[in-house]
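Visitor: One letter stands for each residue in the lines below.
There are 2 protein chains.
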Amino acid sequence: MEYKISDKLAALKPSAIREIFKSLSDPTIISFAAGNPSPLSFPVADLADLSADIFANSSTAALQYSVTEGYPPFREAIRARMKEKFGIGRDFDETIVTTGGNQAIELCCKVMCNEGDVVVCENPSFIGALNAFRSNGAKTVGVPLTSEGIDPEKLEETLANTPNVKMLYLIPTFQNPAGVTSTLENRKAVYEIAKKYGVLIFEDNPYGELRFAGEDVPTYKSFDEDGIVMYCSSFSKILSAGMRIGYACGPQPVIQKMVVAKQVEDVHTNIFFQMLCYRYMTERDLDAHIEAIRGIYRDKAGRMLARLDEFMPKCVSYTRPEGGLFLWCTLPGGVSSADYVKEALARKVAVVPGTAFNCDPAAPSDSFRLNYSTPSDEDIDRGVKILGDLAREMFGD
Amino acid sequence: MEYKISDKLAALKPSAIREIFKSLSDPTIISFAAGNPSPLSFPVADLADLSADIFANSSTAALQYSVTEGYPPFREAIRARMKEKFGIGRDFDETIVTTGGNQAIELCCKVMCNEGDVVVCENPSFIGALNAFRSNGAKTVGVPLTSEGIDPEKLEETLANTPNVKMLYLIPTFQNPAGVTSTLENRKAVYEIAKKYGVLIFEDNPYGELRFAGEDVPTYKSFDEDGIVMYCSSFSKILSAGMRIGYACGPQPVIQKMVVAKQVEDVHTNIFFQMLCYRYMTERDLDAHIEAIRGIYRDKAGRMLARLDEFMPKCVSYTRPEGGLFLWCTLPGGVSSADYVKEALARKVAVVPGTAFNCDPAAPSDSFRLNYSTPSDEDIDRGVKILGDLAREMFGD
Numbered sequence: 001m002e003y004k005i006s007d008k009l010a011a012l013k014p015s016a017i018r019e020i021f022k023s024l025s026d027p028t029i030i031s032f033a034a035g036n037p038s039p040l041s042f043p044v045a046d047l048a049d050l051s052a053d054i055f056a057n058s059s060t061a062a063l064q065y066s067v068t069e070g071y072p073p074f075r076e077a078i079r080a081r082m083k084e085k086f087g088i089g090r091d092f093d094e095t096i097v098t099t100g101g102n103q104a105i106e107l108c109c110k111v112m113c114n115e116g117d118v119v120v121c122e123n124p125s126f127i128g129a130l131n132a133f134r135s136n137g138a139k140t141v142g143v144p145l146t147s148e149g150i151d152p153e154k155l156e157e158t159l160a161n162t163p164n165v166k167m168l169y170l171i172p173t174f175q176n177p178a179g180v181t182s183t184l185e186n187r188k189a190v191y192e193i194a195k196k197y198g199v200l201i202f203e204d205n206p207y208g209e210l211r212f213a214g215e216d217v218p219t220y221k222s223f224d225e226d227g228i229v230m231y232c233s234s235f236s237k238i239l240s241a242g243m244r245i246g247y248a249c250g251p252q253p254v255i256q257k258m259v260v261a262k263q264v265e266d267v268h269t270n271i272f273f274q275m276l277c278y279r280y281m282t283e284r285d286l287d288a289h290i291e292a293i294r295g296i297y298r299d300k301a302g303r304m305l306a307r308l309d310e311f312m313p314k315c316v317s318y319t320r321p322e323g324g325l326f327l328w329c330t331l332p333g334g335v336s337s338a339d340y341v342k343e344a345l346a347r348k349v350a351v352v353p354g355t356a357f358n359c360d361p362a363a364p365s366d367s368f369r370l371n372y373s374t375p376s377d378e379d380i381d382r383g384v385k386i387l388g389d390l391a392r393e394m395f396g397d
Numbered sequence: 398m399e400y401k402i403s404d405k406l407a408a409l410k411p412s413a414i415r416e417i418f419k420s421l422s423d424p425t426i427i428s429f430a431a432g433n434p435s436p437l438s439f440p441v442a443d444l445a446d447l448s449a450d451i452f453a454n455s456s457t458a459a460l461q462y463s464v465t466e467g468y469p470p471f472r473e474a475i476r477a478r479m480k481e482k483f484g485i486g487r488d489f490d491e492t493i494v495t496t497g498g499n500q501a502i503e504l505c506c507k508v509m510c511n512e513g514d515v516v517v518c519e520n521p522s523f524i525g526a527l528n529a530f531r532s533n534g535a536k537t538v539g540v541p542l543t544s545e546g547i548d549p550e551k552l553e554e555t556l557a558n559t560p561n562v563k564m565l566y567l568i569p570t571f572q573n574p575a576g577v578t579s580t581l582e583n584r585k586a587v588y589e590i591a592k593k594y595g596v597l598i599f600e601d602n603p604y605g606e607l608r609f610a611g612e613d614v615p616t617y618k619s620f621d622e623d624g625i626v627m628y629c630s631s632f633s634k635i636l637s638a639g640m641r642i643g644y645a646c647g648p649q650p651v652i653q654k655m656v657v658a659k660q661v662e663d664v665h666t667n668i669f670f671q672m673l674c675y676r677y678m679t680e681r682d683l684d685a686h687i688e689a690i691r692g693i694y695r696d697k698a699g700r701m702l703a704r705l706d707e708f709m710p711k712c713v714s715y716t717r718p719e720g721g722l723f724l725w726c727t728l729p730g731g732v733s734s735a736d737y738v739k740e741a742l743a744r745k746v747a748v749v750p751g752t753a754f755n756c757d758p759a760a761p762s763d764s765f766r767l768n769y770s771t772p773s774d775e776d777i778d779r780g781v782k783i784l785g786d787l788a789r790e791m792f793g794d
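Residue numbers (this note's numbering), protein chains in the order written: chain A, 1 to 397; chain B, 398 to 794.
Read the hints as simulated data drawn from the structure, not as lab findings.
Please note: incorrect hints may appear among the correct ones.
[Stated by the list, open to error] One side only, chain B facing chain A, incomplete, derived with CB under 8 Å:
#: 1; residue: ASN433
#: 2; residue: PRO436
#: 3; residue: ARG641
[To be verified] Simulated pairs of lysine-lysine, PhoX-like, Cα-Cα distance not exceeding 25 Å:
#: 4; chain 1: B; residue 1: LYS401; chain 2: A; residue 2: LYS139
#: 5; chain 1: B; residue 1: LYS593; chain 2: B; residue 2: LYS551
#: 6; chain 1: A; residue 1: LYS4; chain 2: B; residue 2: LYS410
#: 7; chain 1: A; residue 1: LYS85; chain 2: A; residue 2: LYS188
#: 8; chain 1: B; residue 1: LYS410; chain 2: B; residue 2: LYS592
#: 9; chain 1: B; residue 1: LYS401; chain 2: A; residue 2: LYS4
#: 10; chain 1: A; residue 1: LYS195; chain 2: B; residue 2: LYS480
#: 11; chain 1: B; residue 1: LYS592; chain 2: B; residue 2: LYS480
#: 12; chain 1: A; residue 1: LYS139; chain 2: A; residue 2: LYS83
#: 13; chain 1: B; residue 1: LYS401; chain 2: A; residue 2: LYS196
#: 14; chain 1: B; residue 1: LYS410; chain 2: A; residue 2: LYS314
The beta carbon of each residue, even a glycine, is placed where N, CA and C say it ideally should be.
For reference, chain A alone in the conformation it holds in the complex (with noise of 0.2 Å):
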């Protein structure tokens, strides 16, 4: 038989970054390719006395089927939370928990988009984000990530010369791969020129929590008066990415719609998650472990750039992050990246090519994005000191 691929599907290949982990298999191997929350930030043993408690108390509730929404103390737990520390959600928004982050990027993007339609996003920007707009049919149209934020003359000139754009993606806090904190100044303007356009802004804010250096800069939900912005985060980077729970909260009319997707793509999140959850949050201090995830993730970054301070030659260029997960790289004079990260594989370091990251896949990048909240303090400094022997070798000081 032939398979006949829909045409949607036939063009997506696999994510780079997921090839890779699989990839990463053989021990020898340095990853600074993963985009993995340190396994020192899981709470493990609160989780496990949740646990027992909810079999030996909630088995039932625990096992069964539930509401897609969400479990519901728990939407309303994190509707809370968002509000009083965020200023995030006001009448006209609701809350829906999800399958990860992920899955409300998706779930939104199947709300907004026929096929064909435009996706706007910053370049470069989230694989996973772009995979699941491209997944719906939907196309991906690139607009500059400057130090400052996505350009808005760039994304007014885009938005008003490209026909369909139902959505703008943007991930303002410590971007994925960039590390690109966009400032207040550049979200009021975004966010006056989407609304002049009638296009939904997707805020993609898994890292906002995990600041550890500087000023938090308010969400663009924060100032969200006329319902244009659709919030989404996850407890992936705070308490646990394999339980995959994610949520957002954004426009009535558009949320309820994506329960309706939800519905028919897992009918609800795992359940049992969901209340380990609500319990943790209502039942430990969530506020102190994050905390604690913040010091950890202080130290490795500033163990990951003290090394690429001492051993990186003078003309690659790399981001100072405040937060989050990701230090991207910049190779001199525009070169290609994709024959250094070759080589680094080849001497058992693995990055993520920048091109993995590109709104156009065929385009080509300079850049490479270094995860510094997995590996270990040894794997930082072996692997930073390969990296930057290979980079002097390739392209002297």
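Once you've looked at the hints, dock chain B against the given chain A.
Guide: Okay, now just chain B, sitting in the frame of chain A:
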């Protein structure tokens, strides 16, 4: 802002069953509406013990990101069990773990169908599948279900006259909602027709292991030498529905694209519960547990049938299931079941009207679905008497 919802979602209504499920917060209502497994079927003590051990000894792997295809030892255990017990799987097949069986249905449609393509279904059929197809912009076309299975002549007529049919969706065993198990002769005939027209058969088998009377009929997948069958099942009805663990086995090129599509929906299924299922499968006696569940459902179905025989007027007919969770009742003289279902709810008994399962949502139905797995024995006795009295009032003997 005007929210321009995509065409596919704009037309899609929330599932009537999920909506009824939400309305059941009134504890005085007797519900025969849900499709929930009996809470008695959850092996709570074993799951609690194994969970404690996972937290104690495998917490990092159980809480960290994992691979999209599913936890490798779990996939292998599923593959081996399908092969051994049901003769499922050839060299050209692969297995994927999904977030409940519904995700496998949705992913397969996304992989096979462009917007406007057609999925042919038994009429009536499972609403969660019909809406999954619609949520991807596919059209559903129904072919009548007889007591032998989907009508082969009408199926061939439909395939010969309908352009762009990409999938044939079937629940051959203990069909939801109609309770029909198609005969082997019917399956062989339908298989040949699908093969002739180059249409992938999606065999949804969530209830297959819940047979409490009669003899097993071989699955389509067990005689699929041509790679035209995608087989799907789940642990929802044999371990826990709330954990959302399903799986599919089918031709490699299709499964591999389903992995790509799943990657951008939820990255992977909750890994803790994949490990928990795996541990249960390999360290406890799953077959003995399933045998115990069959006993529960044999008793529940027997009780509901006894009460129906006692209280229902003879003019109302109903199926006598040999497994699964549902009975299908048909009112006399082709009368629409809408008024009856509405009046039953007013008398505090919830059932699902047959219209909820129609491929054409505007078509009428003279039937309704009863679930016997969820209600208590007392509720079965009281509820069926109310339904019987109402039928006698409305339709006489």
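Visitor: Each hint should be assessed against the structure and marked as holding or not.
Guide: Hints, verified against the model:
no., hint, in the structure
1, ASN433, "holds, 5 Å"
2, PRO436, "holds, 4 Å"
3, ARG641, "holds, 5 Å"
4, LYS401/B <-> LYS139/A, "holds, 17 Å"
5, LYS593/B <-> LYS551/B, "holds, 15 Å"
6, LYS4/A <-> LYS410/B, "violated, 29 Å"
7, LYS85/A <-> LYS188/A, "holds, 20 Å"
8, LYS410/B <-> LYS592/B, "violated, 33 Å"
9, LYS401/B <-> LYS4/A, "violated, 31 Å"
10, LYS195/A <-> LYS480/B, "violated, 56 Å"
11, LYS592/B <-> LYS480/B, "holds, 23 Å"
12, LYS139/A <-> LYS83/A, "violated, 33 Å"
13, LYS401/B <-> LYS196/A, "holds, 15 Å"
14, LYS410/B <-> LYS314/A, "violated, 59 Å"
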